[in-house]
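Engineer: The hints should help you fit chain B onto chain A, whose structure is shown.
Number of protein chains: 2
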Amino acid sequence: MRAATIREKEIVVEEHPDPVAGTGEVLVRVHAAGLNGADMMQRRGLYPAPPGSPQEIPGMELAGEVVSCGDGVERFAPGARVMAIIGGGAQAELAVVHERLLTPVPESLGWAAAGGLPEVFTTAHDAIFSQAQLLAGERLLVHGGAGGVGTAAIQLGRAAGAEVTATVRNAELREQVAELGARVIPCEGFAEHGPFDVILELVGAPNMPENLNALATGGRIVVIGVGAGAKAELNLLALMGKRARIHGSTLRARPLEEKALIARRLEREVLPLFERGLVRVPLADTFPLERAADAYERFAAGGKLGKVVLEL
Amino acid sequence: MRAATIREKEIVVEEHPDPVAGTGEVLVRVHAAGLNGADMMQRRGLYPAPPGSPQEIPGMELAGEVVSCGDGVERFAPGARVMAIIGGGAQAELAVVHERLLTPVPESLGWAAAGGLPEVFTTAHDAIFSQAQLLAGERLLVHGGAGGVGTAAIQLGRAAGAEVTATVRNAELREQVAELGARVIPCEGFAEHGPFDVILELVGAPNMPENLNALATGGRIVVIGVGAGAKAELNLLALMGKRARIHGSTLRARPLEEKALIARRLEREVLPLFERGLVRVPLADTFPLERAADAYERFAAGGKLGKVVLEL
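Quick mapping for you: the protein sequence lines, in order, are chains A and B. Following numbering that gives the first Met the number 0, the numbering of the first sequence begins with 0 at its first residue and continues without gaps. Following numbering that gives the first Met the number 0, the numbering of the second sequence begins with 0 at its first residue and continues without gaps.
Hints are computed from structural coordinates only; laboratory data are not their basis. This one's a predicted model, so the numbers in the text were calculated from it and none came from an experiment. All C-beta atoms in this analysis are idealised placements derived from N, C-alpha and C, irrespective of residue type, glycine included. Check each hint, because a few of them may be wrong.
Unchecked claim - Over 10 Å on every C-beta distance to chain A, these chain B residues come out as not near it, computed from the model: (1) Glu55; (2) Leu233; (3) Ala283.
What the hints assert, rightly or not - Some chain B residues flagged as far from chain A (calculated, every beta-carbon gap over 10 Å): (4) Lys8; (5) Ser107; (6) Glu232; (7) Arg264.
As the list claims (entries may be wrong) - On the chain B side, residues computed to face chain A include the following (Cβ under 8 Å): (8) Gly203; (9) Asn212; (10) Ile223; (11) Val225; (12) Ala229; (13) Ala231; (14) Leu236; (15) Leu238; (16) Ser248; (17) Arg251; (18) Leu255.
In isolation and in its complexed conformation, chain A is listed as follows (with noise of 0.2 Å):
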């Protein structure tokens, strides 16, 4: 099979033995897969996949049919629509994933957006519901509004009957982030646009003192990215009289029976959204296999709204 591969921190299409499913296991052709920020940390050296997962062919997140099953498979059956995260390498021809990490592709969606939906949709919905357990009602702040995670959670945030408020630094993409639902707002002096019961973190440190004051008593800071830096200074004064919680989270290092559990819960409650087209995922640009390098770059330069992804 070809896949992407990472060469000395330069992405190629190489050539790779086909992978074989084991006990459990699902052989995916692979039509789409999306790009996230993981990746292109993974490119530089940063973010090694977990062991277990091939290390060369980057690539989280895929959408495709089955080819064939491992012993003891039966969720899934050949021909069948699937889509997952996985631990690395699916941007490639071929994949094999767990089962049970596998969800069904609703039929509205194309491939494209189905490659580009597991990564950003699992991701947003985990740290909202899961971790900050938003409810209807209540106010949530997105934090990079514009991001892939940021446009899931805007969207999951709306669904859910939340009243979603954004910060989005290119004034380019603002219009596009207000019609996925959110209140724009600009990233200087967002406290005073609050108070919030859940602020979605995902720039890091320079944003935490503001965050601490822009939150409503029991509110909830979920910290999944930290880009902008790692470090932050923390007023557990404040922390203690508002009753607050701060959540760090990620996904990638988590267990596989974890992320089967969350897997279900996407199955449950965010596949339903699209059905009923509530929910979409935004597109930024799609890329043949062939020309991964492009896609990288595409990724890289930011500027965008929505998702970039491979089509095989």
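Structural biologist: Structure of chain B alone, referenced to chain A:
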């Protein structure tokens, strides 16, 4: 009635008008009222009682007998043995308490123990169970294990099937803390004795970086005291990597309905442990009301294990 009274940052005992029970309230003849760290701060003018509570008469917990009931009181009748956390005014011969904040006093408890129970056991229970959701089999670290909340947390953690470790600064108290059911370790280098699933932080900012190092994957830190400083440094990447969370909590500022729910949890989840002899209120010293100033000196001097309580 006579009551401990704050006059220019000193404690005196003065005559005050008797309080009157309003609708839903109960007049209590106070038999015992514990001292707490917050009283020390209030005496120095740093922690005013919430609106609606007596400002000059300190005291946040009491045990006593119901004297009379205001309109609409349903749960208690004159003569009932009761105890409660209140916003202020507990260190007096008489106090008025909303009936939903009162709990019965277990038969086996004397007045001094009952008067020193509510604040520390409620604070510890709310922090480690309602906030951090400590489970049987987990590992709990209690900072300041010789303090009032510390001794309560150790016993509650142990009764719930957790493995409890405590830091104790004063070497003379370590054996007594160990007798409560904790493995006692020094404050310096405590992370070497981890990892811990839940850390109860009563000391403040200086412990926070090491707390995060000492935390297990999925661990929770609950901050309920910042005597040693409020400005903490927080490594967000470590928080993410451990999928950890940090809670800040305080009881005094909560609305009546939350305090009433907390009293119900004390009644249902903590008082049965007293009845079964699994936990107790360690008493350091008791003083008659007229010696309230001495009681405050005793509390402030430290070096004690357990509660300082006024008896009336």
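Engineer: Decide, hint by hint, whether the structure agrees.
Structural biologist: Now for the hints, and whether the structure bears them out:
1. Glu55: holds, 24 Å
2. Leu233: About 4 Å separates Leu233 of chain B from the closest Cβ of chain A, which leaves it inside 10 Å; violated.
3. Ala283: holds, 26 Å
4. Lys8: holds, 22 Å
5. Ser107: holds, 33 Å
6. Glu232: Violated, since 6 Å does not exceed 10 Å.
7. Arg264: holds, 16 Å
8. Gly203: Gly203 of chain B check passes; min Cβ-Cβ to chain A is 6 Å, inside 8 Å.
9. Asn212: With Cβ-Cβ at 14 Å, over 8 Å, it is violated.
10. Ile223: Since chain A brings a Cβ to about 7 Å from Ile223 of chain B, closer than 8 Å, the hint holds.
11. Val225: The hint holds - Val225 of chain B has a Cβ within 8 Å of chain A, the shortest such distance being about 5 Å.
12. Ala229: holds, 4 Å
13. Ala231: holds, 5 Å
14. Leu236: At 4 Å from the nearest chain A Cβ, Leu236 of chain B passes the 8 Å test, so the hint holds.
15. Leu238: holds, 3 Å
16. Ser248: Holds, because the Cβ-Cβ distance from Ser248 of chain B to chain A comes to roughly 5 Å (cut-off 8 Å).
17. Arg251: violated, 10 Å
18. Leu255: violated, 15 Å
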